[in-house]
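There are 2 protein chains.
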Amino acid sequence: MPAIEITKESIEELVALIKAQDQEELLPVLEKLYPADIAELFDDLELDEAVYVASLLEPQKKVDVLTELEADVKLKFLDGYTNDQIANDFFAYLDSDDAADILNSMDTTQGKEILRTLEDKEHSKNISSLLKFADNEAGGLMAKELIKVKLHWTVKQCTDEIRLQAEEVSKVYTVYVVDDYDELVGWVSLKAILLAKEKMTVDEIYNDNIIYEYTYTSGEEVAATIQKYDLVALPIVDAFNRLVGRITFDDIIDFVKEEADKDYQMLSGISGRKDTSDTVISNTKARLPWLIIGLAGGIASSLVIGGFEEELTKNVQLALFMPLIMAMAGNVGVQSSSIMVQGLANNSITNSDVWGKLGKELAIAIINGLVCSGLLLGYGYISGNHLDIMMTVSLALLSVILMAAVIGTIVPLALDKLKIDPALATGPFITTSNDLLGLFLYFMIGNMFLA
Amino acid sequence: MPAIEITKESIEELVALIKAQDQEELLPVLEKLYPADIAELFDDLELDEAVYVASLLEPQKKVDVLTELEADVKLKFLDGYTNDQIANDFFAYLDSDDAADILNSMDTTQGKEILRTLEDKEHSKNISSLLKFADNEAGGLMAKELIKVKLHWTVKQCTDEIRLQAEEVSKVYTVYVVDDYDELVGWVSLKAILLAKEKMTVDEIYNDNIIYEYTYTSGEEVAATIQKYDLVALPIVDAFNRLVGRITFDDIIDFVKEEADKDYQMLSGISGRKDTSDTVISNTKARLPWLIIGLAGGIASSLVIGGFEEELTKNVQLALFMPLIMAMAGNVGVQSSSIMVQGLANNSITNSDVWGKLGKELAIAIINGLVCSGLLLGYGYISGNHLDIMMTVSLALLSVILMAAVIGTIVPLALDKLKIDPALATGPFITTSNDLLGLFLYFMIGNMFLA
Numbered sequence: 003m004p005a006i007e008i009t010k011e012s013i014e015e016l017v018a019l020i021k022a023q024d025q026e027e028l029l030p031v032l033e034k035l036y037p038a039d040i041a042e043l044f045d046d047l048e049l050d051e052a053v054y055v056a057s058l059l060e061p062q063k064k065v066d067v068l069t070e071l072e073a074d075v076k077l078k079f080l081d082g083y084t085n086d087q088i089a090n091d092f093f094a095y096l097d098s099d100d101a102a103d104i105l106n107s108m109d110t111t112q113g114k115e116i117l118r119t120l121e122d123k124e125h126s127k128n129i130s131s132l133l134k135f136a137d138n139e140a141g142g143l144m145a146k147e148l149i150k151v152k153l154h155w156t157v158k159q160c161t162d163e164i165r166l167q168a169e170e171v172s173k174v175y176t177v178y179v180v181d182d183y184d185e186l187v188g189w190v191s192l193k194a195i196l197l198a199k200e201k202m203t204v205d206e207i208y209n210d211n212i213i214y215e216y217t218y219t220s221g222e223e224v225a226a227t228i229q230k231y232d233l234v235a236l237p238i239v240d241a242f243n244r245l246v247g248r249i250t251f252d253d254i255i256d257f258v259k260e261e262a263d264k265d266y267q268m269l270s271g272i273s274g275r276k277d278t279s280d281t282v283i284s285n286t287k288a289r290l291p292w293l294i295i296g297l298a299g300g301i302a303s304s305l306v307i308g309g310f311e312e313e314l315t316k317n318v319q320l321a322l323f324m325p326l327i328m329a330m331a332g333n334v335g336v337q338s339s340s341i342m343v344q345g346l347a348n349n350s351i352t353n354s355d356v357w358g359k360l361g362k363e364l365a366i367a368i369i370n371g372l373v374c375s376g377l378l379l380g381y382g383y384i385s386g387n388h389l390d391i392m393m394t395v396s397l398a399l400l401s402v403i404l405m406a407a408v409i410g411t412i413v414p415l416a417l418d419k420l421k422i423d424p425a426l427a428t429g430p431f432i433t434t435s436n437d438l439l440g441l442f443l444y445f446m447i448g449n450m451f452l453a
Numbered sequence: 003m004p005a006i007e008i009t010k011e012s013i014e015e016l017v018a019l020i021k022a023q024d025q026e027e028l029l030p031v032l033e034k035l036y037p038a039d040i041a042e043l044f045d046d047l048e049l050d051e052a053v054y055v056a057s058l059l060e061p062q063k064k065v066d067v068l069t070e071l072e073a074d075v076k077l078k079f080l081d082g083y084t085n086d087q088i089a090n091d092f093f094a095y096l097d098s099d100d101a102a103d104i105l106n107s108m109d110t111t112q113g114k115e116i117l118r119t120l121e122d123k124e125h126s127k128n129i130s131s132l133l134k135f136a137d138n139e140a141g142g143l144m145a146k147e148l149i150k151v152k153l154h155w156t157v158k159q160c161t162d163e164i165r166l167q168a169e170e171v172s173k174v175y176t177v178y179v180v181d182d183y184d185e186l187v188g189w190v191s192l193k194a195i196l197l198a199k200e201k202m203t204v205d206e207i208y209n210d211n212i213i214y215e216y217t218y219t220s221g222e223e224v225a226a227t228i229q230k231y232d233l234v235a236l237p238i239v240d241a242f243n244r245l246v247g248r249i250t251f252d253d254i255i256d257f258v259k260e261e262a263d264k265d266y267q268m269l270s271g272i273s274g275r276k277d278t279s280d281t282v283i284s285n286t287k288a289r290l291p292w293l294i295i296g297l298a299g300g301i302a303s304s305l306v307i308g309g310f311e312e313e314l315t316k317n318v319q320l321a322l323f324m325p326l327i328m329a330m331a332g333n334v335g336v337q338s339s340s341i342m343v344q345g346l347a348n349n350s351i352t353n354s355d356v357w358g359k360l361g362k363e364l365a366i367a368i369i370n371g372l373v374c375s376g377l378l379l380g381y382g383y384i385s386g387n388h389l390d391i392m393m394t395v396s397l398a399l400l401s402v403i404l405m406a407a408v409i410g411t412i413v414p415l416a417l418d419k420l421k422i423d424p425a426l427a428t429g430p431f432i433t434t435s436n437d438l439l440g441l442f443l444y445f446m447i448g449n450m451f452l453a
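First to last, the sequence lines map onto chains A and B.
Offset between the first sequence (1-based) and the numbering used here: plus 2.
Offset between the second sequence (1-based) and the numbering used here: plus 2.
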């Protein structure tokens with residue numbers, strides 16, 4: 003935690019000081035507060051108050067606060083400024099990737115105007131060069147700001163270059179080494195530069211075994227590479243191996259979290275990424291489609307059951323165990339499908355062992371099925387239910403568990419093969435189709451043994 | 003990606019070279035391979051082959067491979083060495099946190115023997131000082147290796163200190179500043195040291211606004227701090243503010259991923275963290291308990307329905323819509339509970355706005371409920387079902403959706419208040435209790451309107 007934290011009490015006090023425009027009291031507090039905390043404070047401020055607070059911050063910190071704001075708050079806050087101010091007070095200090103993100107969510111005319119007004123033409127060109135990449139590829143995640151040195155430079159030249167670029171590249175983790183054609187050939191750590199003699203050349207201290215990705219690499223692969231090799235920053239090259247940007251670990255922590263949130267919500271039947279602070283309407287929109295699919299599934303099951311109305315009238319007791327059969331089919335299906343979805347997301351399932359995975363899921367299902375139907379049979383015996391009914395229900399339970407495991411395993415794998423997000427399978431589709439097939443199987447078996 | 007990657011083909015070739023002990027061909031490849039890739043290769047090797055490969059690596063790289071192995075593979079691999087070798091070939095080069103992790107999963111007698119045999123007594127003391135902390139608190143996640151300098155030192159002294167400790171601290175991101183009592187007072191970046199004049203003192207270039215945590219801070223809070231402030235490393239202090247360790251971003255990426263996986267599997271009814279490569283038995287153990295809870299719920303619902311057998315015999319059509327009611331109760335309940343669980347995990351729900359969240363979930367449920375029961379009524383009208391049955395089912399559907407939303411919202415909040423992991427709520431508990439209450443409500447309403 004930082005020296006001053008934002009708590010409920012401190013926010014109230016701060017808001018009061020801001021409303022009173024008490025600059026003398028505010029300045030020392032704002033100086034101690036980290037950008038992420040000031041961004042939190044903005045949630046409780048009106049636009050003119052936020053603009054007042056921003057006016058008390060030094061230029062770079064003002065921009066750091068901006069990048070910490072949620073996407074929608076960011077645009078609202080910038081509404082407090084003219085295009086010229088946005089260009090030269092904000093964009094001038096923003097990293098190219100953060101600037102490109104803002105432009106992507108802005109009106110195109112305003113975006114063009116801002117890029118045109120930006121006085122630093124080099125920076126403006128850098129930002130617009132990022133606009134051509136998609137959000138979820140390396141090119142769309144990278145920043146242009148990085149420090150690169152040439153192979154034949156001396157350590158002294160490196161230090162001078164770092165000094166020169168120090169203002170633009172706020173966090174320096176690794177210095178990249180390129181050849182005369184700007185192709186990435188290696189890296190050197192700040193530690194190595196610090197400890198080397200001034201007259202040594204980069205050639206003598208650099209490491210040529212470098213990990214990199216291409217601009218067209220997917221965000222998932224970038225995240226996997228950064229995680230696997232514990233990288234603090236990953237250099238990105240174009241198709242000609244020329245160094246064009248870098249992606250830092252903090253962007254990837256956010257990316258990993260967002261992906262996990264998305265899969266989690268898919269599993270629970272919510273589309274898109276929602277949280278408790280989103281509006282009722284946007285939350286309803288994310289959930290209603292799944293409920294309507296569930297509703298359609300429910301109507302379909304009423305038709306399946308309706309087809310067996312005669313059997314049901316004869317053996318009303320069959321109705322008692324419908325919920326049990328359905329719930330178990332649902333549970334087993336979700337267990338199998340979610341473990342597949344995670345395996346696919348973590349790249350731990352390769353195409354070659356699809357049959358192995360299916361065999362394993364079946365083995366697990368057989369054990370689980372035998373234990374559960376055994377327990378059910380035992381309950382039937384003790385409770386004095388009709389034995390023929392209980393035998394039928396237990397047999398149906400075993401079959402339904404096997405079926406659910408097979409469907410739960412195959413559907414995500416099939417979706418993945420078809421290049422569709424396998425997480426879709428864990429939504430209401432699996433549960434609904436399992437419900438239908440399970441009920442059908444249940445009544446078929448009931449029909450066979452109790453007719 | 004690195005220059006040489008591990009693919010299916012390259013693994014086969016490598017394994018052949020290893021079996022033939024072809025040192026001449028192996029050495030240049032091993033030199034290019036990153037530790038994480040060599041660790042992957044170990045999965046396909048016998049113990050003696052892995053030990054042979056390790057013997058070809060330089061000491062630090064051998065240890066880096068060890069830390070990349072999965073926990074169980076790690077112990078199996080170390081079985082190929084004597085305690086003396088483990089101590090002085092491995093532990094001597096391991097970071098204190100990685101060494102402590104291994105000791106925690108080892109037999110205590112062997113662990114003590116290794117610490118006693120370790121020649122570097124200072125390192126041995128550092129490692130054992132970490133053993134007293136729990137896995138999921140900052141003390142159990144931190145490493146003792148870090149670079150600290152004193153406030154009154156010159157930049158030259160700092161560089162000398164970094165040179166001195168450079169071998170032990172493999173990755174230097176930030177240099178910490180302490181006072182004469184070893185209390186943490188600030189930090190200075192490598193960049194600042196590199197760019198400063200040799201005669202300047204730390205006092206002139208350091209930053210006193212530092213973010214830190216205590217040894218007893220929870221892993222979740224540490225992860226939240228690192229994410230919020232985009233830190234590459236977080237210093238950890240003891241109760242007297244003395245600097246005792248640091249936690250780096252890579253440990254936290256793993257921690258975030260593991261936590262997300264755990265919540266995901268809880269939602270799908272799998273306890274513990276499993277993946278597709280775990281054995282059938284351990285997978286069964288993780289799933290069967292939830293299925294048995296589901297089974298018990300199913301039996302309980304058969305009793306609830308049994309209590310309404312008379313109504314059911316009179317209106318067999320009521321049975322047709324049981325699956326629909328149950329499925330919808332389940333879907334709504336899981337939607338509400340999972341959004342609460344995520345909100346609690348992300349710290350975006352505070353105690354004060356419990357009523358606000360409940361109201362919001364209710365509002366969403368009312369809209370969803372009205373739309374779904376309206377659609378159902380429309381379907382009933384078009385399909386020519388008995389109107390009184392369809393009115394009853396639609397009314398029951400609306401009530402059940404409202405009930406499920408309330409339960410799905412309240413249970414996670416209540417568990418959290420009781421200091422129980424709210425993710426438990428998303429497991430079969432919510433679905434099962436929703437099933438039971440939903441059926442009960444359904445038949446009560448049916449009884450009222452159709453009797």
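Hint data in this document are derived by calculation from the structure and do not stem from the laboratory.
Treat each hint with caution, since some may be false.
Identical copies look the same in the list; a pair holds intra-copy or inter-copy alike.
[What the hints assert, rightly or not] Keeping only pairs whose Cα atoms sit at most 20 Å apart, straight-line, the calculated DMTMM-like set for lysine to aspartate or glutamate is:
1. 34 - 45
2. 78 - 200
3. 173 - 210
4. 134 - 147
Taking the hints in turn, this is what the structure says about them:
no., hint, verdict
1, 34 - 45, "within (19 Å within a copy, 50 Å between copies)"
2, 78 - 200, "neither (49 Å within a copy, 47 Å between copies)"
3, 173 - 210, "between (22 Å within a copy, 18 Å between copies)"
4, 134 - 147, "within (17 Å within a copy, 43 Å between copies)"
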